[in-house]
Every structure is written in structure tokens, then in C-alpha cells.
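If you read the protein sequences in the order shown, they are chains H and P. Sequence positions in the first sequence follow my numbering and run -1 to 253. Sequence positions in the second sequence follow my numbering and run 295 to 772.
Simulated from the structure, these hints should not be mistaken for laboratory data. Don't take each hint at face value.
[Claimed, not checked] Simulated coverage check for chain P against chain H, where a stretch passes if three residues somewhere in it have a Cβ under 8 Å from a Cβ of chain H:
no. : segment
1   : 484 to 497
2   : 530 to 543
3   : 694 to 705
[Stated by the list, open to error] Calculated pairs, SDA-like style, for lysine to any residue (alpha carbon to alpha carbon, straight line, at most 20 Å):
no. : chain 1 : residue 1 : chain 2 : residue 2
4   : P       : Lys636    : H       : Leu238
5   : H       : Lys90     : P       : Lys343
6   : P       : Lys343    : P       : Ser588
Glycine residues also receive a C-beta, built at the ideal position from the N, C-alpha and C atoms.
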Amino acid sequence: MATDLQNPVFTNNSEDVLAGRWGMVIDQDICTGCQACIAACAMENNIPFVGEVDAGYGRSMHWIRIERFWQGTFPEVKMTPYQPVMCQQCHKAPCEPVCPVFASVHSDSEDINLQVYNRCVGTRYCANNCPYQVRVFNWRDYADARQRPELVTLQNQLNPDVTVRRRGVMEKCTFCIQRIRHVEDTAKSEGRGIKDGEVVPACAQACPADAIVFGRVDDPTSKVSQAALTSRGSHLLEELGTLPNVTYLAGGSTK
Amino acid sequence: MSYAAKPLALPRAKEEEHEDPREHLMHDPRPRGEMNDMMMESMHSTTWKYWTATGILAVIVVTCLFYAWYYLIMQGLGVAGVNRPVYWGIFLVEVVFWIGISHAGTFISAILRVLKVEGRRPFTRAAELMTTFGLVQAGISVFLHMGRVWLSYWMIPLPNERGLWPDFHSPLMWDFMAINTYLLCSTMYLFLPLIPDMAMARDRSTGWRKVVYRILSLGFRGTEGEWKNLQTAMNIFAFGIIPVMFSVHTIVAWDFAMASRPGWTSSVLGPYFVIGALHSGMAAVAIVLFLIRSTMKNMKYFLRPEHFDLLGKLMLMVSMAWAYFYFNDYLVSWYGGDKWEKILQAFTEKGPLWFLWYIMLFCNIVVPWAILWNKKWRRTPWLLASAGLLINVGMWLERYIIIPESLTINRMPFTWRLYVPGVEIALTIGNFAFFFLLYMLASRLIPLIPVWEVQEGQESHMLRKIGKANIPTLSDME
């Protein structure tokens, strides 16, 4: 296989780790826009609260957002389906080659775009080059309880599997990589493969309408592959050729 | 009806009759010693006005630049106006602006030296200093911009303890290399013609100045061999720095052109940025020369209206070239009809910041074209400097439109959001103050006019009396 010079590739040479492409399907027709996914994601991934002022100025740090639009002019206004947008985990991600310090890297074994917080120096080029605008930046030390006394007790609910980020660092949706790893480890110790539906990211777990389906897209029998292949499926900004791993279902009856 | 007798041609204006058409050759040479003393006098004389101005600038630098920077580092970028989607704000505007300013110094000095344009002689030094001082501001702005500036050394192309190099795919790495190369080359290019002047100053000063000048003059004595080596080295650098100069701003443009964003992805952005750099840089040279001429002693001898005339012509030419490139860039995205480009253009021209676009076009095109076509106006230093100031306002706004304004619009309309600058305003003021402070200090430490170059020019161009006319002649020195 020819080396793709566009993407810095970190090959996982360990045979223990299963190589697999993870993907997600979001059914916009059954999404109710309840934003439970946002809350669950924030709890799972230690996403700090930025406060009213900063959130109003476009600095909220949620890794997933629900986009809502309307059609038409005022009296005849029609809502369009809710559109939850998180990192699309592009196969050819525009954010990766522009990072000068390899903080935005492609994980070959999961086909996920990962952010190495420790390496990030905060040039924010990746966020500019992301056509989906899903990268979020730590504009201040939002998670530092020494600076924000109201966080002292809230610190107890931090997820120990996820790094707490400091100011000046870019971050983004990881498809809950810590959950993928946990299931991989469990399956390995039990001497079996990963079952379809065993890995559930926080957003999918919290979704009351089951609008979010997660799984292996390289396995044609998985639930996510079946859903992605229906005629209702599409990708965001498909024309850019970023090959996202998130498929949106919209239009037509449910299921 | 009566007819008045009219002369066939209007009598020539009196001042034109006395005007030397080749004034830039400075055909009133003074003895070498006297000229050197004039230069030294201008470096030594400091008035209370000078110290007041320097003091105010220093206070502004300490508060607006260094204290504000400390505050920015300690609090994080939240104190600036950057947000999603405008991740790059005035910091990057400043980077591009100051690199642009730094371009004219090299352009004027190197290209005019290579082409042997006589009029360049008195103002090459001031222009070259602008390159170095401009790059200092650009470098500071890069560091201001970074989220974790204390780790900026990670961008130095050396492998870390795990053998990981920086990513050379990233345009920011190209930028890092290009700016460093340019800073190194332009500093050496500034230093080479400075050596004879340092030696001159060494022989005419005492105390700590003598020590400094002795070190900086590298033991230059003025022998034939030393001059020959110096000329060779300067020649190599003058030719070599021109491609470096072009590459630097092209690479700065690639930071934007390589990103897939409406308004940025454009193949003409490289040369367009180079011309834009020259546009703002030339104008800045005019401002600096006007300030030097009107505030320092003896400078009216060295800097003549003829030199401003030459600069004005260059500014007009560059302004036309800039308009051509701007039109190119604009027409292709307008005619191309891409949805997002259309939205962005509508936002720039009719959005809440529409006036910036019109001010930009007025300052960059109307002002130079309206003022610089007239020889008399070009020869008026304050008028040329005012035009230069307006051009710089226009070019700063042009970068503002390219960076924070373009970033407002992206392909996910849900995230569109305006940018309101925060601490960047103080830092910008600090940057400008620091630039002028460096000039203030340099004006009393190093000769802002390369005296030896002026003398060389005067010696090679003599006035010979042939019949009743004074004819300038070129000796075979060059």
C-alpha cells in the first residue's frame, strides 16, 4: 500500500490491538434535540463549564452540539431536523497535516483522529482548517479549581480515564476512545472478539431516542454498517473529500 | 471683443529653473570629515523632546506589550477576542502586517543596490533597520498568538526525546523556517554595510561608545582588501536575499492559501501577499524617512525631496500592482460563483463591517493614485508620509478582512460569529510603540544614514563644467 503523504500515519505494530474502523450513524429524523448527548459527553470527557459570558461569546467547549435551523421567512417558518455535530473522524482529516507538532494525529488502528493534549502548543491551525468547526479550545483554565472555587466539589465527578486539559490546548471528540480501549481489553482478557454494540460512546448511551448508533463500519453485518448503507444516508460536506466516519440519516420514514 | 496677446508657451516656473534634475546625486559634496561629523552630531544630540518621546514609548511598551502579554499568558487566550470560529484574530493580522513592513526594507535596499539606483544611497540603512525591527514585532506577535507559548521551542526542528520531529507537512513549520531564515539573512545584510560606519563612529567617539563600536566594526581599517571583500559580500547578500524575501511572504500567504476555507484557498494569494507587503512596507519607509528628516539634526542634507520623489514613484507603482492582484483575486472568486465565497464576499461588502472594505480600497488605491501622480506632491515629505500612513491603515485593514473577517464565515453556518478584539488592542499599540522605540534607540546608537555610501556616490558622480553647462559625469568606480 502506497504511503499517503497527506496524513502522518502512526501504525500500531502491536498485533494484540484489533485494527478496525469505528463509525457512527445519526438518525436526524428521530433526534428530538433534547441535548442529553451533550450533557453525557461533558460528564464522560471532563469537559469544563465555561460560564455564561464565555459561552455566549462562542467559547462553549462541548464536543458535540445540536444544530437547529429553520426554513422560510417569519410567519411560514418550518424547523429542519435537528443535526447533532461532533468530530466527523475524517479518514482524510484536514486538521492533521497542518499541525506543526503532531498534536493532531491519525490513529491507524481505529481510523480515528486523535488529539495529543501534551503535545499541543495552541497554534489553533487545526481548528481553522476543520470544515465542520468541531474542535474546541481551552481559552482559559476552565477546569482549574484553584482559580474557580465553585469547582472544588465538582472535581469529584471527574472521569479518571480522561485527561483534564489546561489552558491553551485544543481538544475534540475522541469517539470515547477510553471506552473503546476498555472493551478491547475486556474482550482480550476473556479471549474473544468484540461484539457488535459492545462499545457505546456516552452520547449514544444517553440518547433516549436511540438516534445514535455506534460500531465497526468495516464489519458489513454490524448495526452501524447496515444503517449507513440505506439510501437515507449522507455525509456532511461530502464534496470536500474528507471521508468522514459519521453518517447522517434524514428524509423518509423512520426505519 | 478684444484679444489679448498670449504667449505660445507659459513661462517656466522660477523654482523649476533652479531645480537640479539630478538632485539625488547630491552634487554638493562636503569634505569627508565634515560629513562624518554631521552624522556623529546627529547621533549625539538629544533634546528633552527626544527623551520624553522615548520615555513615553518605553512606558507604553512595558504596560501595553509586556504587562498585557504577562496577563495574557497567565489567564489564557480567553482575555483576547478570539473565539470559535475566529480562532486567529488580530495576532495573525499583526504577524502578516509586520512581515509586510519588514519587506520594503530589503526590497529597497537589495533590489535598488543590485540595479545600482543612485537615489537609494542615503536611505538604505533606515530601510534595512525596518526589516529587522519589523521582524521583531512579527516574531512577538507569533508568540502572543500561541496558546502555550512556554512550549514554543517544540517547533524548533530538532527531534524530541522520543525521536519525534516537528511535522514538516504543516505550513506553520515552513513559516517558522522562512521567518527565521529571513531574520538571519536580513540581520547579516543590515550588518555588512554597517561595518565601515561603525569604524567611522569608533574613530570619532570615546568611552562606552568606543568599546561598542570597536567590537561591532570587527577591526575594519579601510584597506583596499577590506573594501573589496566587503563589496563582494554585500553583492552576494544583495542578490541572495531577494529570493528569500519573495519566499517569506509567499509562505506566509500559504498559511492561509493551504487551508481549505472560503476566502483563503486561492492560488494567487502568494504573489498577492508579496505585493501587499511591498505596498505597506514602502509606505512605512516614507513615514520613517519623514520622521528622521524632520526630527534629527543635519538630515535635511542627506534626505532630499528627490529621494522622496523616488520613493513616491515606487509607491505608486506598487499600489497599481497591488490593485491588479487584488482584482485578480476578487474576480476569480466572484466569477467562480462558489456558494461560500459568494456568502463571504457579501458579508465583507454588505455585512456589519462593510465600511472596513471601503476604507481599505480607498486607502490602498484612491489615496496613492490621487496623490502620487503629482511630482510636486511626491516631493513634499509630509504629504508623502501622510499618504504612507493611510496606505498602512488600508493594508492593516486588508489583513483584518482576510483573517478575522473571513474566519467569521465558514461552511457550518451554525457556528458563524463575529469577532470582538479584547486584549489584542493593547498588544497592538504595544507592538507599534516597540517598533518606534527601537528606531528611537537605534537613531542615537548607529548612523541611520550610510555615510560611506553617500560619499561613494558623490565621488563617482562629479559635476564637470563643459562650456557653460554643468554636466554630471560617471566615474569608473563602479
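Now the hints, each set against the structure:
no.	hint	result
1	484 to 497	violated (count 0)
2	530 to 543	violated (count 0)
3	694 to 705	holds (count 3)
4	P:Lys636 / H:Leu238	holds (17 Å)
5	H:Lys90 / P:Lys343	violated (60 Å)
6	P:Lys343 / P:Ser588	holds (13 Å)
In terms of the numbered hints stated before, the structure departs from hints 1, 2, 5, listed from lowest to highest.
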